[in-house]
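Colleague: One letter stands for each residue in the lines below.
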Amino acid sequence: MDVNFTQEDLAFRDEVRTFFEEEYDFDLAKQLFNDRAGNYKSAIVAWQKKLHKKGWIAPGWPIEFGGSGWTVTQRYIFECERGRLGIPDAVPFGLKMVGPVIYTFGNEQQKERFLPRILRSDDWWCQGYSEPSAGSDLASLQTSAELVGDEYIVNGQKVWTTFAQFADWIFCLVRTSKEIRKQQGISFLLIDMKSPGVSIKPIITIDGKHSLNEVLFEDVKVPVENLIGEQDQGWTYAKALLIHERAGIAEVADSRSSLNALKAQAADEICGGTAIIEDPVFQMRLSDIETELMALEYTELRVLASMAEGGMPGPESSFLKIKGTEIRQAISELALQLVAYYGGALDTNLEPGVLGHDFASQARVNYMYGRAASIYGGSNEVQRNVIAKMVLGV
Amino acid sequence: MNFKLSEEQSMLKESVSRFVRERYDFDMRKEVIKTAGGYSPDYWSTFAELGWLSIPFAEKYGGFGGTIEDVAVVMEEMGKGIVVEPYIPTVLMLGQLLSLSRNDPLKEKYIPKIIDGSCLGAFAFLERQARYQFTDIRTTGTQQGGHFIVNGEKAVVFNGGNADVIAITVRSSGEQCDRHGVTVLFLESDTPGIEITSYQMMDGQMAANMVFKDVLVPHNNVLGTVNSGTELVEAMIPLVLLASSAEALGIMTSLNDLTVNYAKTRNQFGAPISSFQALQHRMVDNFMAVEQSRSMLYRGLCAYADEGAEDQNERLRSLHAMKVVVAKSAKRVGEEAVQIHGGMGMTDDLNIGHYLKRLISIATLFGDADFHQKRFNELSYSTI
Numbered sequence: 104m105d106v107n108f109t110q111e112d113l114a115f116r117d118e119v120r121t122f123f124e125e126e127y128d129f130d131l132a133k134q135l136f137n138d139r140a141g142n143y144k145s146a147i148v149a150w151q152k153k154l155h156k157k158g159w160i161a162p163g164w165p166i167e168f169g170g171s172g173w174t175v176t177q178r179y180i181f182e183c184e185r186g187r188l189g190i191p192d193a194v195p196f197g198l199k200m201v202g203p204v205i206y207t208f209g210n211e212q213q214k215e216r217f218l219p220r221i222l223r224s225d226d227w228w229c230q231g232y233s234e235p236s237a238g239s240d241l242a243s244l245q246t247s248a249e250l251v252g253d254e255y256i257v258n259g260q261k262v263w264t265t266f267a268q269f270a271d272w273i274f275c276l277v278r279t280s281k282e283i284r285k286q287q288g289i290s291f292l293l294i295d296m297k298s299p300g301v302s303i304k305p306i307i308t309i310d311g312k313h314s315l316n317e318v319l320f321e322d323v324k325v326p327v328e329n330l331i332g333e334q335d336q337g338w339t340y341a342k343a344l345l346i347h348e349r350a351g352i353a354e355v356a357d358s359r360s361s362l363n364a365l366k367a368q369a370a371d372e373i374c375g376g377t378a379i380i381e382d383p384v385f386q387m388r389l390s391d392i393e394t395e396l397m398a399l400e401y402t403e404l405r406v407l408a409s410m411a412e413g414g415m416p417g418p419e420s421s422f423l424k425i426k427g428t429e430i431r432q433a434i435s436e437l438a439l440q441l442v443a444y445y446g447g448a449l450d451t452n453l454e455p456g457v458l459g460h461d462f463a464s465q466a467r468v469n470y471m472y473g474r475a476a477s478i479y480g481g482s483n484e485v486q487r488n489v490i491a492k493m494v495l496g497v
Numbered sequence: 005m006n007f008k009l010s011e012e013q014s015m016l017k018e019s020v021s022r023f024v025r026e027r028y029d030f031d032m033r034k035e036v037i038k039t040a041g042g043y044s045p046d047y048w049s050t051f052a053e054l055g056w057l058s059i060p061f062a063e064k065y066g067g068f069g070g071t072i073e074d075v076a077v078v079m080e081e082m083g084k085g086i087v088v089e090p091y092i093p094t095v096l097m098l099g100q101l102l103s104l105s106r107n108d109p110l111k112e113k114y115i116p117k118i119i120d121g122s123c124l125g126a127f128a129f130l131e132r133q134a135r136y137q138f139t140d141i142r143t144t145g146t147q148q149g150g151h152f153i154v155n156g157e158k159a160v161v162f163n164g165g166n167a168d169v170i171a172i173t174v175r176s177s178g179e180q181c182d183r184h185g186v187t188v189l190f191l192e193s194d195t196p197g198i199e200i201t202s203y204q205m206m207d208g209q210m211a212a213n214m215v216f217k218d219v220l221v222p223h224n225n226v227l228g229t230v231n232s233g234t235e236l237v238e239a240m241i242p243l244v245l246l247a248s249s250a251e252a253l254g255i256m257t258s259l260n261d262l263t264v265n266y267a268k269t270r271n272q273f274g275a276p277i278s279s280f281q282a283l284q285h286r287m288v289d290n291f292m293a294v295e296q297s298r299s300m301l302y303r304g305l306c307a308y309a310d311e312g313a314e315d316q317n318e319r320l321r322s323l324h325a326m327k328v329v330v331a332k333s334a335k336r337v338g339e340e341a342v343q344i345h346g347g348m349g350m351t352d353d354l355n356i357g358h359y360l361k362r363l364i365s366i367a368t369l370f371g372d373a374d375f376h377q378k379r380f381n382e383l384s385y386s387t388i
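Sequences listed follow chains S and A, in order.
Residues are numbered in the numbering used here as their position in the first sequence, beginning at 1, plus a constant of 103.
Residues are numbered in the numbering used here as their position in the second sequence, beginning at 1, plus a constant of 4.
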């Protein structure tokens, strides 16, 4: 057993550090990422284009499709450095979700048409899975696609669609036939968001921001060449997607970065003349989280190492998802606790710093939006059902 | 990056596992605990024959020259049988104090005897007022001529009643709680002036209180250097923390297996209780607690092995965090196993409660979760 870095690994770490420090615009990012509705898209796309130019945009993809060809250790190093510097992860919808489905199940034309644009961040993708009556029970989805000639006619409604307002494309699960087993009869369809009949309604979430949307389809015509794989087999592809990209599902690097930020904030926030970081009770709360995070980091490494050896991913993604989101939420809860009264103030026109620290408002937003983490991607209760079935055999 | 056992480790694991399966089921363990010594000399000889007692000792003393990772492999399997034989007190506490001490004459004389099973050991470090602060020492070691004269009392000396040789911490200078001024002495247990009262702990392990009255220990029996015993003890403790965490991991694994199997066969309301979602989710949480503990053990082992690490602070943080996660998980998994077994979990005849007792004892060894979490906090937050 060892986790030692080779000379090559250390050289790679230096290269990653140098690249991040030289290419990532920390000042700009600070302003832009706090404002989801505003310049978020242009900022993250600009950064992703730099990563693409360097050949580092798709660590998980096979080399033949534009992947980085990294070892497990290199991916770990990249994530560590990213988390240490607080650099956000690439937007997952194209790179981690639909991309792998296209290169695994798509035909040659689809690969040529979509993959390079995903790698270059030319297209912004969003995910059309959930519906008003299909949440955790995703297979109950009802959005229909009827084949007429060489086009599908799509009707229905998707919901909780993150960043649909930015999207050029949406990948959808649609019902193409009504089978007895609801998992059958679902197809995987790529839909151009500019198609006539597609409309978006914003959903303002409890953080006061606009990240989520309803996406409505009214007699939307989708060319049959936008079907992935075979008709009625979409559930299989979607499931493969769910267990495909587990590197990063635990979001260890991002939790590490938020935790570092929280520690720095706790050193700035004073109560009774003493920094909160010195408070033994607050320290216990911090280390309750940090020790679990240290364990999760190795749990993720164990999963990655076993996959590198050709091990088939099983229920580990559920495990990583549950623990990862529990930790992310715990950090956001403690961050909100830290900013006390000031965390309650909605965005004001006051000068920065007048009402507590600058990070107070962001703590509220992160906490509120963070509630979604244990709901999205299959609620943590559903993930526990998955583990119960697959690991415990109950 | 590699988390797999080596071929040698796999064989070792299988060998201990077979011993536990074939010769250490719960009824056999009961027989062992009932004996006067509270352990089986026959089994101890078997351990020697199979080479388990030699693992962490240097080859030049007849040892296997193994690592703490190899010991962890053994301890995890021992945990599954809640083996009570005094491996930790003899091979790790006393044995590693000796190994780390640079007292070559003592090593040459005693390590081969530990390895061949003819010498049991104990480490007398605890005093009744000291709790987890092992440097809180009233027992005095006064230097006179070529000797230390030892006076005082040690409590809960694991394996104290069975030990042939003992390492003891004495206050050789300074105040009661000073880090400096602690000396570790090595002595045979039949040295005149030692009064031993032996008793059994809740986990089946034997322990003893020891009163020392004008006990003479030759200066040649100092382990480490005079007044710098704290450093020696602190070099040994991580080995015990790693080994006992591995043991806890074995116990937790067994408890989860037993609990899931029980839930599948126990019927209530016309269905196996494993079909109830409330219980499924609890069992999943227990499963995750064990996996997190395994990850933390691996992190601890990797950190310990990385002696030349740039960041020594990070090494220590990993060890403290390991103890925090393992001790918390141990408590959780043990308590949940009793709960899900219902009334059966309360019976002394069933092994479940006995696994819990050993987990609680391990959680306490060299500091509980809170103690280590405070150390972790000091290393992590106070310096910002």
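Please note that the accuracy of each hint is not assured.
A short, non-exhaustive set of chain A residues, derived as facing chain S with CB atoms under 8 angstroms [stated by the list, open to error]: (1) Met15; (2) Ser19; (3) Phe23; (4) Asp46; (5) Tyr47; (6) Cys181; (7) Leu220; (8) Ser278; (9) Ser279; (10) Gln296; (11) Cys306.
Treat the hints as calculated values from the structure; they're not laboratory data.
Virtual Cβ for every residue (Gly too), placed ideally from N, Cα, C.
Colleague: Of all the hints given earlier, name the ones this structure violates by number, lowest first.
Modeller: The structure breaks hints 1, 2, 3, 4, 5, 6 and 7; every other hint is satisfied.
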